[in-house]
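Engineer: Sequence:
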Amino acid sequence: MPGQHPMHSQPPMPGQPPMPGQLPMPGQPPMPGQPPMPGQHHMPGQPPMPGQPPMPGQHQMPGQPPMPGQPPMPGQPQAYQQQPGYAPFPGQQPSYPGQQFPQQPQQRRLDPDQMPSPIQVMADDQQNRGGVFVTNEKGLVPPLVTTDFIVDDKGNSSPRYIRSSMYSVPVTADLLKQTAMPFCLVISPMAETVGAEQDPPVIDFAALTGSPTMGPVRCSRCKAYMCPNMKFIDAGRHFKCAFCKATTEVPMEYTQYINSMQQYGRVPAEMALGTYEIVATKEYCRNNTLPNPPAIVFVIDVSYNSIKNGLLQTVCDNIMDFIEAMPKDENGKSYTRVGFITYSSTVHFYNIKGTLAQPQMLSVGDVSDVFVPLLDGFLSPAEQSGPVLQQLLQQLPNMFHDNKETETILLPAVQAGLEALKAADTSGQLLVFHTSLPTYNAPGKLINREDRKLLGTDKEKQILMPQTTAYNETGQACSAAGVCVELFVCNNAYVDAATIGQLPRLTGGQMHKYTYFTAETDGERLAWDVRRVVSRPTAHDAVMRVRTSTGVRATDFFGHFFMSNTTDVELAAIDADKAIGVEIKHDDKLTGEEGVYVQAALLYTRRCGQRRLRVLNLALNVAHQLADVYRSAELDTTIAFLNKQAVWALRDATPSQVREGLSQRCARSLAAYRRHCASPSSAGQLVLPESMKLLPLYTSCILRSDAIAGGPDVTCDERSCAMYRALCADVSLSLAYTYPRLLALHTGALAPPPHHAPPTPLRASIDKITDHGIYLLENGVHILIWVGSMAASELVAEIFGVPSPQQVDTQVCELPHLGTPANTAARELVDQIRLKRRSAMRLTIMRQHDKMETVLRHFLVEDRGVDGSASYVDYLCQIHKEIRALL
3 MPGQHPMHSQ PPMPGQPPMP GQLPMPGQPP MPGQPPMPGQ HHMPGQPPMP
53 GQPPMPGQHQ MPGQPPMPGQ PPMPGQPQAY QQQPGYAPFP GQQPSYPGQQ
103 FPQQPQQRRL DPDQMPSPIQ VMADDQQNRG GVFVTNEKGL VPPLVTTDFI
153 VDDKGNSSPR YIRSSMYSVP VTADLLKQTA MPFCLVISPM AETVGAEQDP
203 PVIDFAALTG SPTMGPVRCS RCKAYMCPNM KFIDAGRHFK CAFCKATTEV
253 PMEYTQYINS MQQYGRVPAE MALGTYEIVA TKEYCRNNTL PNPPAIVFVI
303 DVSYNSIKNG LLQTVCDNIM DFIEAMPKDE NGKSYTRVGF ITYSSTVHFY
353 NIKGTLAQPQ MLSVGDVSDV FVPLLDGFLS PAEQSGPVLQ QLLQQLPNMF
403 HDNKETETIL LPAVQAGLEA LKAADTSGQL LVFHTSLPTY NAPGKLINRE
453 DRKLLGTDKE KQILMPQTTA YNETGQACSA AGVCVELFVC NNAYVDAATI
503 GQLPRLTGGQ MHKYTYFTAE TDGERLAWDV RRVVSRPTAH DAVMRVRTST
553 GVRATDFFGH FFMSNTTDVE LAAIDADKAI GVEIKHDDKL TGEEGVYVQA
603 ALLYTRRCGQ RRLRVLNLAL NVAHQLADVY RSAELDTTIA FLNKQAVWAL
653 RDATPSQVRE GLSQRCARSL AAYRRHCASP SSAGQLVLPE SMKLLPLYTS
703 CILRSDAIAG GPDVTCDERS CAMYRALCAD VSLSLAYTYP RLLALHTGAL
753 APPPHHAPPT PLRASIDKIT DHGIYLLENG VHILIWVGSM AASELVAEIF
803 GVPSPQQVDT QVCELPHLGT PANTAARELV DQIRLKRRSA MRLTIMRQHD
853 KMETVLRHFL VEDRGVDGSA SYVDYLCQIH KEIRALL
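In the numbering used here, the protein residues as written are 3 to 889.
Don't take every hint at face value.
Here are the simulated DSSO-like pairs of lysine-lysine, each with C-alpha atoms no more than 27 Å apart in a straight line [as the list claims (entries may be wrong)]:
| # | residue 1 | residue 2 |
| --- | --- | --- |
| 1 | Lys-587 | Lys-233 |
| 2 | Lys-447 | Lys-424 |
| 3 | Lys-883 | Lys-330 |
| 4 | Lys-284 | Lys-335 |
| 5 | Lys-355 | Lys-335 |
| 6 | Lys-179 | Lys-883 |
| 7 | Lys-591 | Lys-140 |
| 8 | Lys-247 | Lys-156 |
| 9 | Lys-591 | Lys-233 |
| 10 | Lys-284 | Lys-424 |
| 11 | Lys-140 | Lys-587 |
| 12 | Lys-233 | Lys-140 |
| 13 | Lys-330 | Lys-355 |
| 14 | Lys-461 | Lys-447 |
| 15 | Lys-447 | Lys-406 |
| 16 | Lys-140 | Lys-247 |
| 17 | Lys-591 | Lys-225 |
| 18 | Lys-140 | Lys-156 |
| 19 | Lys-247 | Lys-591 |
| 20 | Lys-463 | Lys-447 |
| 21 | Lys-156 | Lys-242 |
| 22 | Lys-242 | Lys-587 |
| 23 | Lys-284 | Lys-225 |
| 24 | Lys-330 | Lys-233 |
| 25 | Lys-225 | Lys-140 |
| 26 | Lys-591 | Lys-179 |
| 27 | Lys-247 | Lys-225 |
| 28 | Lys-330 | Lys-284 |
| 29 | Lys-247 | Lys-233 |
By construction, these hints were calculated from the structure, which means they are not laboratory data.
Construct the entire structure; sequences and hints are all you get.
Structural biologist: So, in structure tokens, the structure goes:
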């Protein structure tokens with residue numbers, strides 16, 4: 003069933019078939035200068051419709067391939083009418099009846115500034131909800147992901163770890179169906195804390211109770227872990243499970259532990275906090291044996307392409323930095339053993355044992371049946387390898403300097419790394435550095451099947467599904483062994499990302515792609531990303547299970563993982579930058595008194611080798627009225643989930659069906675609100691719930707995103723990468739892809755540090771851009787800087803070091819180091835964006851009138867798209883017509 007995790011030969015990515023519903027009704031006549039109103043958007047790749055506004059001071063440019071990705075935030079006050087409504091929840095904006103937009107005469111174009119503004123919503127939330135968010139209340143809606151806040155855990159998990167789309171859950175499946183929105187969770191179990199937040203406390207029951215075999219306290223029936231929602235009965239001798247209502251006897255050792263805590267006026271962490279960790283006993287380990295620390299194997303392409311573009315030299319130059327970035331013990335020593343494999347048409351293993359005089363290379367010529375030629379010395383702590391490792395890194399570029407092989411393998415090299423880690427009885431990561439389509443006659447050989455004209459059509463599955471099952475099968479084998487594949491693709495041509503991307507997708511990894519890689523322009527970005535991969539919080543050899551209280555259950559999962567059954571999410575690794583979408587459905591009517599309880603438990607191995615459980619708990623309210631559901635809806639989470647679900651749906655449905663389903667879902671949800679929750683108003687007014695007033699905008703952004711709608715203007719590989727990205731992104735990054743952040747760099751915000759603050763975001767529209775400005779747009783994937791032709795020469799000189807806008811160098815990938823206040827502030831802003839997005843995003847500088855302007859326009863998502871997709875105003879009108887047809 004779509005939405006269920008795929009097995010075997012099925013392709014990448016998530017979702018559900020389009021929602022049943024009516025097709026858009028034909029509507030009013032189109033406004034002057036605007037595309038035809040209702041129904042379908044133009045298919046991607048068709049020429050833009052007439053009437054699209056040109057860039058400032060310019061005639062419209064012919065189409066240019068837009069860069070893939072999809073974007074975050076923006077600012078302008080709103081001036082639309084709001085009806086009086088019910089009092090809001092504490093710290094929340096009024097929820098209903100909603101917003102009204104007077105319907106304008108057709109001769110007058112609707113003013114986009116009168117439409118609901120994400121900039122204003124984000125600014126209001128920051129003002130009202132910034133500060134400390136205390137999680138002591140069931141069903142309390144968290145601040146937006148764009149808001150800066152600190153979490154004080156008082157019984158529910160931080161929204162950084164787990165977010166729900168609904169904090170008041172409809173009491174029945176029928177009530178949920180009326181909303182047309184999913185009840186879902188987005189879980190980032192290894193997310194990083196912020197500021198003064200505390201990491202989850204660690205509980206070692208064996209040490210606390212003095213019983214070596216004492217493990218976690220769990221429900222005897224459903225196996226849920228002790229949490230603040232469990233109730234003690236019989237004078238503390240038993241507890242009643244919040245999830246299945248069964249009664250479980252409390253172990254004597256645990257009772258004594260609780261009593262000793264209470265004598266000091268303390269409450270055990272597992273009874274007071276939403277998030278905590280438990281040291282696991284041997285019963286929670288493979289073969290009842292405590293694990294070895296996970297290892298990292300560098301798997302490096304040494305073909306002609308890798309030598310020519312500088313990849314091999316770049317990796318060798320930075321490996322000691324990568325090792326230095328790996329987590330250390332209290333004595334400053336790395337836990338992690340490292341190993342090295344190189345490949346082109348054969349596979350080479352390296353012995354880096356510290357007692358050797360120099361490293362030894364062992365080659366495996368038969369790549370159809372890879373074996374591990376050495377065990378002792380392949381994996382070694384970097385400190386112990388010392389000079390031998392240094393020699394290897396110096397020798398590798400010279401050893402392969404004259405390699406002329408252009409046809410490479412890939413799959414046998416990954417299998418070699420897998421077998422090496424299995425032979426060492428350890429989990430870990432394979433960091434694979436690859437350059438080209440693996441065309442060598444060996445397992446995993448691929449053909450070039452790129453056909454961009456199929457993208458956006460009903461035949462696009464032919465190029466977006468894996469062309470062989472071999473990569474899926476190897477990915478599943480890696481997952482079973484706890485081996486995660488991180489794929490760094492430094493290519494200059496098609497590599498079939500749809501197929502090779504199965505390796506990271508099934509193992510909790512990611513494909514990092516550096517198109518047209520050269521060491522000079524991209525080497526620092528690659529090194530930055532690898533350092534992030536080896537240093538961020540990561541759970542290895544993990545399995546996650548989501549338990550819910552009676553009446554609902556987790557049914558569908560979306561993300562980078564594998565599932566061999568319907569309940570256990572198997573993660574060779576999951577890190578701080580990844581999230582998993584979970585859809586929850588009713589299997590019975592809920593009872594309103596108790597609420598809905600959710601517990602996500604992640605069993606994993608730390609980098610130091612310790613086995614732990616991380617437990618996340620969330621308590622939600624039950625809603626008997628639709629108004630309560632809408633009042634406590636969380637749109638950021640909903641949009642992140644719909645992104646994942648829509649990408650997955652493309653496996654079974656056509657792009658037009660997926661887009662149509664999303665639009666119908668949006669219209670049905672808003673129609674239900676209008677019908678059941680809003681006070682009476684004229685049919686010509688659009689009434690939106692306060693918590694979901696940006697649903698039409700964000701839906702239109704999903705419809706035109708590269709992941710869902712990428713047509714011939716993007717490459718097949720970029721489309722596949724966008725789909726993978728949407729699949730594993732957390733809520734913050736998903737929103738960044740969906741709605742880009744546009745900042746003006748010329749408005750005085752670039753004051754000298756430390757006094758400068760980030761510029762106020764603008765709405766992502768051409769109307770906000772002037773010839774005299776310098777703007778930065780970022781979407782979590784790309785950073786674009788646009789220089790207006792009339793920009794002040796003084797500011798241009800300060801930021802770029804040239805006397806006029808026309809002389810700004812657009813070939814560079816970084817701002818120059820000038821030391822001027824504006825230059826320093828601009829560089830710091832770029833660094834802050836990369837840190838926030840946790841990626842060395844590529845920086846592109848463009849001048850007004852350059853062909854590259856089309857790339858910027860691609861991300862101005864409130865305007866009509868370069869592919870003819872509807873503008874925000876047009877889409878809002880279209881949705882309004884569909885709502886009226888449904889009422």
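Engineer: Against each hint, give a clear statement of whether it holds in the structure.
Structural biologist: Hints, one by one, checked against the model:
no.	hint	verdict
1	Lys-587 with Lys-233	holds (25 Å)
2	Lys-447 with Lys-424	holds (24 Å)
3	Lys-883 with Lys-330	violated (59 Å)
4	Lys-284 with Lys-335	holds (26 Å)
5	Lys-355 with Lys-335	holds (17 Å)
6	Lys-179 with Lys-883	holds (21 Å)
7	Lys-591 with Lys-140	holds (19 Å)
8	Lys-247 with Lys-156	holds (23 Å)
9	Lys-591 with Lys-233	holds (22 Å)
10	Lys-284 with Lys-424	holds (19 Å)
11	Lys-140 with Lys-587	holds (20 Å)
12	Lys-233 with Lys-140	holds (16 Å)
13	Lys-330 with Lys-355	holds (20 Å)
14	Lys-461 with Lys-447	holds (23 Å)
15	Lys-447 with Lys-406	holds (19 Å)
16	Lys-140 with Lys-247	holds (19 Å)
17	Lys-591 with Lys-225	holds (23 Å)
18	Lys-140 with Lys-156	holds (11 Å)
19	Lys-247 with Lys-591	holds (15 Å)
20	Lys-463 with Lys-447	holds (20 Å)
21	Lys-156 with Lys-242	holds (21 Å)
22	Lys-242 with Lys-587	holds (24 Å)
23	Lys-284 with Lys-225	holds (17 Å)
24	Lys-330 with Lys-233	violated (40 Å)
25	Lys-225 with Lys-140	holds (23 Å)
26	Lys-591 with Lys-179	holds (13 Å)
27	Lys-247 with Lys-225	holds (12 Å)
28	Lys-330 with Lys-284	holds (24 Å)
29	Lys-247 with Lys-233	holds (10 Å)
In this structure, the earlier hints numbered 3 and 24 are contradicted, and the remaining ones agree with it.
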